[in-house]
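**Q** One letter stands for each residue in the lines below.
2 protein chains.
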Amino acid sequence: MPGRELLYIKIANSLEQQINNDTLKVGDKLPSIRMICRQHGVSMSTAQFAYYQLEAKSLIEPRPQSGYYVSNSFRKKLAMPGASKPERRPVVKTVSDIIENSFDTAAEKNFTVFSRGVPAVQLLPVAKLNKSMLQAVRSLPGGGTIYEPLQGNEKLRTQIAKWSFNWKGNLSEKDILTSAGCLSAIAYCLMAITKRGDTIAVESPCFYGILQLAQSLGLKIMELPTSPQTGVDMDYLKKTIQKNKLATCIFVSNFNNPFGSLMPDEHKKEAVRLMEKYNVPLIEDDIFGDLYFGDKRPTCCKSYDEAGMVLWCSSVSKTLAPAYRVGFIAAGKYRHEVMKIKLFHSLSSTSITHEAVGSFLETARYEAHLRKLRKTLYTNYLQYVRVIGESFPDGTRISRPQGGLSLWVELPKKIDTIELYNTAVSKKITFSPGHMFTLQKQFSNCMRVTYGLEWNEKTENSLKLLGRLVKAEL
Amino acid sequence: MPGRELLYIKIANSLEQQINNDTLKVGDKLPSIRMICRQHGVSMSTAQFAYYQLEAKSLIEPRPQSGYYVSNSFRKKLAMPGASKPERRPVVKTVSDIIENSFDTAAEKNFTVFSRGVPAVQLLPVAKLNKSMLQAVRSLPGGGTIYEPLQGNEKLRTQIAKWSFNWKGNLSEKDILTSAGCLSAIAYCLMAITKRGDTIAVESPCFYGILQLAQSLGLKIMELPTSPQTGVDMDYLKKTIQKNKLATCIFVSNFNNPFGSLMPDEHKKEAVRLMEKYNVPLIEDDIFGDLYFGDKRPTCCKSYDEAGMVLWCSSVSKTLAPAYRVGFIAAGKYRHEVMKIKLFHSLSSTSITHEAVGSFLETARYEAHLRKLRKTLYTNYLQYVRVIGESFPDGTRISRPQGGLSLWVELPKKIDTIELYNTAVSKKITFSPGHMFTLQKQFSNCMRVTYGLEWNEKTENSLKLLGRLVKAEL
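Going down the list, the protein sequences come from chains H and U.
For what it's worth, this note's numbering labels the leading residue of the first sequence as 1, then goes sequentially.
For what it's worth, this note's numbering labels the leading residue of the second sequence as 475, then goes sequentially.
Please keep in mind that the hints were generated in silico from the structure rather than gathered at the bench.
Treat the hints loosely; a few may be bogus.
Unchecked claim - Quick look at which bits of chain U chain H covers, simulated, 3 or more residues with Cβ under 8 Å:
| # | stretch |
| --- | --- |
| 1 | 592-599 |
| 2 | 603-611 |
| 3 | 640-651 |
Here the structure is a predicted model, which is why all the values come from computation and not from measurement.
Positions of the beta carbon are idealized from the N, C-alpha and C atoms, including for glycine.
Okay, chain H solo, but in the shape it has when bound (with noise of 0.2 Å):
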């Protein structure tokens, strides 16, 4: 019967591949045979005629009772060819390379990891949080498994209104619009108010994220002058925004990243003054703005829209939680046209971690943890100041963040920082190179190095360590 021993031999194959492949991991457990009848279409017998194949080769074995598991021994008696050893990491050529890169570097041990955009656990409020899931797990209809409003859940919306009395924002939970982090939210703003072909003007150094997004949205970027004190130039916007079309603007207007900038009150006013005056909606990015050093929160270029221009996005992905996926869009006239975005691409946010923000927001905790956050990042700061200052070679400057996670480090014009992480990967640091934030050529000596790690020894030696690549590198 050929037909038949082509189908157990099919099925015996396809196991195989899975156990080579560790789909199934030594010790699984196998479908039973009644299972791989019902599934295939086979006969018991076809069926115990696939795992003999497998038996036979040592990859399977029975257990009384029981069934049969992905055994061990296969991996004994056969002895295999030692495994080569090439470079575990490839080195890479491009800043694109880099960033989808960075998630994986990023989850490694042993690696100081100056390269990433959000707080180290430690500084997390891990315990307090937990509590805050389980306490949305009890109180959610069907803990959190059923679909609530396409808006987003009540509970953090109204926090999140709440909270924008502290900036002059003065929302309601109905100007609120809840997504899965603040990127999501930059994503659904452009796809709502731009168009592919379309331009948009960002700051310039820009977080990569959002050149990436715009990109590949098929917009025309343009970066604009940028100050690392007071942000974007107004004078060049201004003359920017009257000579050419603009679908919108994004600019993360407190603590840009990489460059720490604040924009002043004045500047928020104007940039608002102008949108209505063109008609340029524009994209604010305040995700750092409770990350402030000074002794007040600042307020957004939202604070001071009265004719609804302005898109408002935010996250609490640098503050509280960056895998829970809980961002925000107070998206004033373009409203219902983002809320329709959010219904095409996804529904619905994860409601269980929504819900467990909005219950951890709630309580005095987000303003107590904050404060703490706040001094631990100031802190920071001021030790990387210092040991740049020391290690780093003459001629490096530094930015002078007001708040927010990054430092922007210029190094002397001969260092070309693409070439200069790969050597700092092979020793276990990351940083972001300068040109990741930028589509022109521009900042090759420069480099962006985040304060939300854990400040001890071995992030201090790493930052030193860093700066010897530096000088190695003259």
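Following the hints, complete the assembly by docking chain U onto the known chain H.
**A** Leaving out everything else, chain U in the frame of chain H:
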């Protein structure tokens, strides 16, 4: 001092606004005087004046040693004009109104929601999922606050790979990328492989979420003739693919929503062969695949895909937990492009719900739950057929789904189901008018009713009432 006077009035006004729009609710604590000083850069006396102002209006009240609270008394003292009472719900005229309202309707109590495309919460294994959530909080580093690798949660990917053996998919965890639900998976795929102006082909009728998404991405949509039994018309597909430049096809190969049709294995093989020959990627939406009424799990187009042309998308939204937003993609040779879109648009998934589903699938619970759910859905389906047979007018035709959640009902030609929808909503019943499932002039006398509800007296009565409403329209 007119400047100071203005300032305290401004602060008072913005708080009053928050009280009036219920952002600050009766009993809520107001920010402390000190906080007001800090945030608004005003003196203690200015802040205190602002609060006096509000107190004078009976909007807030001080409590000793505790601060100011939103008062209840102003609601009593100031008699308010009676509220107007227009129709609670907007009378909907267009398909997109219905879609946008559907979430909010679904959340309302006492409605019988035949329009809901997910199983009722009573059919979900909520208690066991809650356990998996607690386990996820405990086992994830940082309680699930920190980013996981871009590709997605490893436990989940491993389980989906193992599960793929059931439909002869033989995926490895490396083939799989996670997403925030199936619609988001399809969105990533479309953004990765199409561009504005491209033409794509879909089944007709087609799930409205896919139509809306594709439209919003600027794609032209070709609707293909589709059998309620065997899915897309293969001869027609062949001619279409020969004559047109298609960027992709999207097929719900197993239990198409809304038809419930099932592509036979031969059609699946043929479809894959065609896509390969004409180099057209196929997006396969397999979200209903595990909800079969027959004796075995149907295969997918992906099961026959040797060249990597199929982008297989699915989720647990129809089987476990819609609002967990857990979806996954095996994108074949388009894997890298799709991963980039995930990076650009969302960075990372919500680790905690993805880990919870991974844990749930590790046990035998999923298979046990599915067996029960399939039985319930099949029984429901039979009940629907009986009641529709008894209560709907002669000439009514219904589909014979072989799995999934939805029943397609074709009413006598005279009936306009959008008009019927408005009548039904006034009786607290919703369904999905047929016109939602096409961009053309068709299906105006059709409706989708889903049988994911608990079958009980209320459901039965609502379905009977729906029949009477149809008869009344004739």
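**Q** Under 8 Å between beta-carbons, do enough residues of the stretch 592-599 of chain U, three at least, approach chain H for the coverage claim to hold?
**A** Satisfied; 3 residues make the cut.
**Q** Is the coverage entry for the stretch 603-611 of chain U by chain H consistent with the three-residue Cβ rule at 8 Å?
**A** Coverage by chain H holds here, the residue count being 5 at a Cβ distance below 8 Å.
**Q** Three or more residues of the stretch 640-651 of chain U near chain H by CB distance under 8 Å?
**A** holds (count 8)
Hint compliance for this structure: every hint is met.
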